[in-house]
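Visitor: Based on the provided sequences and hints, a complete structural model is requested.
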Amino acid sequence: MAKDVVCGMEVDNDSPYQSTYKDKTFKFCSENCKTKFDENPEKYVARHQDSPATYQITTNGIEKIQLPIVDMHCASCATTIEKELRKLPGIKKAVVNGATENAYVEYEGSEVSVSKIIDSIKKSGYRTGYAKLRLHISGMHCNSCVSQIEEELEGTSGILSASIDLGTEAALVKYIPSKVDYPALKNIIERMGYQVSEISHKYDENGSDTQNTAEGNQGSSDPVDENEQARNREYKSLMWKFIFSAVISIPVMIFSYPDFLGLPDQFQRGTDLLYWIWFSMGVVTLPVMFWAGSHFYTGAWAAFKNRSANMHTLIAVGITAAWLYSTVAVLFPEIFPNEALAEVFYDVTAVVVALVNLGLALEIKAKGRSSEAIKKLMGLQAKTARVVRDGKEQDIPVEEVVLDDIIVVRPGEKIPVDGEIVEGSSAIDESMITGESIPVEKHKGDEVIGATINKTGSFKFQATKVGKDTALAQIVQMVEEAQSSKTPIQRVVDKVSGYFVPAVIILAIAAFVVWYLIGPAPALIYALVVAVTVLIIACPCALGLATPISLMVGVGKGAENGILIRSGEALETAQKLDTIVLDKTGTITEGQPKLTDIVTANGFSEDEILNMSASVERASEHPLGEAIIKGAEERELTLLNPINFNAVPGHGVEAEVDGRKVLLGNVKMMRDNGIDTGNLLDQSTKLADEGKTPMFVAIGGKAAGIVAVADTVKTDSKEAIAQLKNMGLEVVMITGDNQRTADAIARQVGVDRVMAEVLPEDKALNVQKLQNEGKRVAMVGDGINDAPALAQADIGLAIGTGTDVAIEASDITLIKGSLKGVVLAIQLSKATMRNIKQNLFGAFAYNTAGLPVAAGLLYPFFGILLSPLIAAAAMAFSSVTVVTNANRLRKFQPKFSKANK
Amino acid sequence: MTLDEIFVLIGGILLIALVAWYFWFSSSEGTRVQSGTGGLQEALIKVKGGYSPNVIVVDAGKPVRLNFLREETAACSEQVIFPDFGKQATLTPHKTISVEFIPDTPGEYEFQCAMGMLRGKLIVE
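Same order as they appear, the protein sequences are chains A and B.
The first sequence runs contiguously to residue 1511 in my numbering.
The second sequence runs contiguously to residue 471 in my numbering.
Just so you know, these hints were derived from the structure itself, not from any lab.
Model, not experiment: these values are computed from the prediction.
Among the clues, some could well be false.
[Said to hold, decoys possible] The calculated lysine-lysine pairs, modelled on PhoX-like cross-linking and capped at a C-alpha distance of 20 Å, are:
{"hint": "1", "chain 1": "A", "residue 1": "796", "chain 2": "A", "residue 2": "1002"}
{"hint": "2", "chain 1": "B", "residue 1": "433", "chain 2": "A", "residue 2": "915"}
{"hint": "3", "chain 1": "B", "residue 1": "408", "chain 2": "A", "residue 2": "703"}
{"hint": "4", "chain 1": "A", "residue 1": "1078", "chain 2": "B", "residue 2": "433"}
{"hint": "5", "chain 1": "B", "residue 1": "408", "chain 2": "A", "residue 2": "733"}
{"hint": "6", "chain 1": "A", "residue 1": "697", "chain 2": "A", "residue 2": "726"}
{"hint": "7", "chain 1": "B", "residue 1": "467", "chain 2": "A", "residue 2": "1105"}
{"hint": "8", "chain 1": "A", "residue 1": "915", "chain 2": "B", "residue 2": "408"}
{"hint": "9", "chain 1": "A", "residue 1": "1324", "chain 2": "A", "residue 2": "1312"}
{"hint": "10", "chain 1": "A", "residue 1": "697", "chain 2": "A", "residue 2": "733"}
{"hint": "11", "chain 1": "A", "residue 1": "702", "chain 2": "B", "residue 2": "467"}
{"hint": "12", "chain 1": "A", "residue 1": "985", "chain 2": "B", "residue 2": "394"}
[As the list claims (entries may be wrong)] Here are some, though not all, of the chain A residues that point toward chain B, as calculated from beta-carbon distances under 8 Å:
{"hint": "13", "residue": "842"}
{"hint": "14", "residue": "843"}
{"hint": "15", "residue": "916"}
{"hint": "16", "residue": "1115"}
Every residue, glycine too, gets a C-beta built ideally from N, C-alpha and C.
Guide: And the structure:
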């Protein structure tokens, strides 16, 4: 295939429209394009060469990018750009090819971003990357309008090229988004007196035509719709084929069994009328075979050429055998030694085509539902963003949002990309991403996730992740990857199904031979019927669909609930677990210390103690201090300014507040300052036993009380752990904390086994110890500190940290922080595996039981023989059954939510 | 045994042998992919009831781009899956859809449609 450089269409290499320019042959789709090219070849040749960027990530974290460079005129330009690029941190390799006008950059993704690379190229005085916009222009009447607009657009700064097709009234504009945008483009064209509307835009930072890559399918609704349409067309076409063949089937069936149905005498065997009816049946079943059943033949032939066989092969062979036999019986009845052998089976041909088409159509409908989850995810992407640029708010397509853009979000609007709030606050509904139904309060400095919905307030945020780096894009990619992965079970099935179809053909031949040799008379008829039945009843589809379809629904269902399952293997292992190791900090607990208790003494009030200690802590930067300040802010206390602040390492802090000396620290500090702690000491021990960190407070030389801070347990941790135990899992807590604190937390949440004082680097070792006990271990922790332990465990479950969802070490990522996600993930994996097993059992049992029955194994004992018509019905609906069963998984409900309601 | 019975028996056995040989023991030749500029190995695969070519030979360590052109609407071939690379693509009919990855380890990797009816093989050398 070659590309028409004028209109960009794919054209055959032997296209009659060709032109030679500068020793190179160009091919065109039509005379029109050729003429255009001949008029001004330079224009198209130049454009032809500016190839799109490609982008790759290798496994070792090195990212590679190929960027087209615009405006390169000399060889020295290349070195200029290279030098500029190499100044950036994390660049492994930068090569600029002057001939192809491309820059190849290999870089460390963690150190430098694509936008920085583009900036650097800009800095060296060149441009790269472009956006593409397809516009619909109406009001054009002639070719001169076209060239006029094209010239005008191409003369505008920031537009790389514009090509307009008069026939479709569509314009394709390549432009640099930072210089010009859609409203400006629209303006230019409208100024010339034409109307513009947008068809679709497609922007990629690198100017690559992502529409054509698999990854590019995500996030853009365009190809999804197109696939949906294609599916609908296919459904309709199959339905028509079904209706057509069904209508033909009815009379064909009636006249195939004249004696059986008790038709009047003139229709009985041997009559001329029936002969002619049979003859016409042979004729009318031809379109059934070659129109309604054409896909069986094309499919079988294509497979045959590749030395493989599939369902189409079986059906094609089956219906052809039935038709040929019948036709020979009608045309040359005399060649059969026995008149009874001159039987017709046109009904088999017609009915099989009808039923299998119906089955395929129903399957398409059902499969559409199976992939709903991912479609829903893709549809979540916001279309536009209101960005502040040059001090003005403007709506731009979400693809044009770049890093660090400030974006304004009003109540009820969708947040377009990931970012951090810089102004304002609001409650945000994140249910579509995390599965958490209660809106989350977000303030300045908090992270917001793209595709979530702003509920109450207005705010501005800074974009931190755009394009394929957003949480949503990553989720979609992870889900797709998982859906395309294979469970270990599937690998076994694959081995079987690779041999399945040829084996069925062999079985059919063998059955024919056996029936012919030792079967009852008329042996030929029996042999034929049995062989055709065997071919038709076998359903490799049901076998092949059993696992992937359930996996698709299961993984999609997980994503809906904020559980990202990495692979089919993870899903299969997750349901066989014995032990769950939970990291304490951030997993069982919130991971952030909070003010929990205030104990008063010597007549001081709680507020006074808190106010004083929080005021002192204002000068400190300790995380415990922050917890105290937050606690005070929650009580709406007005904090005072501390003076003479002093931190005594290992003891505490002191400062003067409101003219009084305030001490905040441990018992040693109190003693050193001669403060009598009295019975506060007992209270402090009690608090410490509960896993809290108590701090004595002394005001004006007198003990005032205790403030206690602790990393609080997440509200639903206890319930989740109880549920895990109910499911027969051993729950272990692992933490670097001291035994006392660890035990205290363990008691609170009901964990029996505690591994305390474990250094972060030893967590993996402890997981291994458990594995050495012969247990299948899951580790739940955050994706950063616990990464080695997550990787060591049979299943690593990472608790999501905001928008970072693609955590390398984890097999399952829980976007929502709750431990309930662990329960859900395990329940879901159990449900999915159960579903897969049902499907496999169904498909295997059906095929292994159906085949011998079809081959007539039961006939000698019970006289049971399957009709090919029954076989066709059974075959057509077996894959529908599999898909329908998988769709039952869509109704999966975590056991929790029921208990809560 | 009558003549026709002998004929059917021998014919059947020969046919079985032929089927087994054709589908299992003979192998089709692979198409070697030429690598272009930048080391990108690109191939066009037509999808119509099967993949043609269905055996593709590439070099390890270099990026591969397989352009699938689905010339049919039958739902079977709607998706192409590379389980070993975790890649899948929905093939829009009559449109070129690319799948890109870098095969690092030599070996044979299968690709297939969603239900495993259409199969192809990627041989990485």
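Visitor: What are the numbers of the hints that this structure violates, sorted from low to high?
Guide: Failing hints, ascending: 2, 5, 8, 9, 11, 12, 13.
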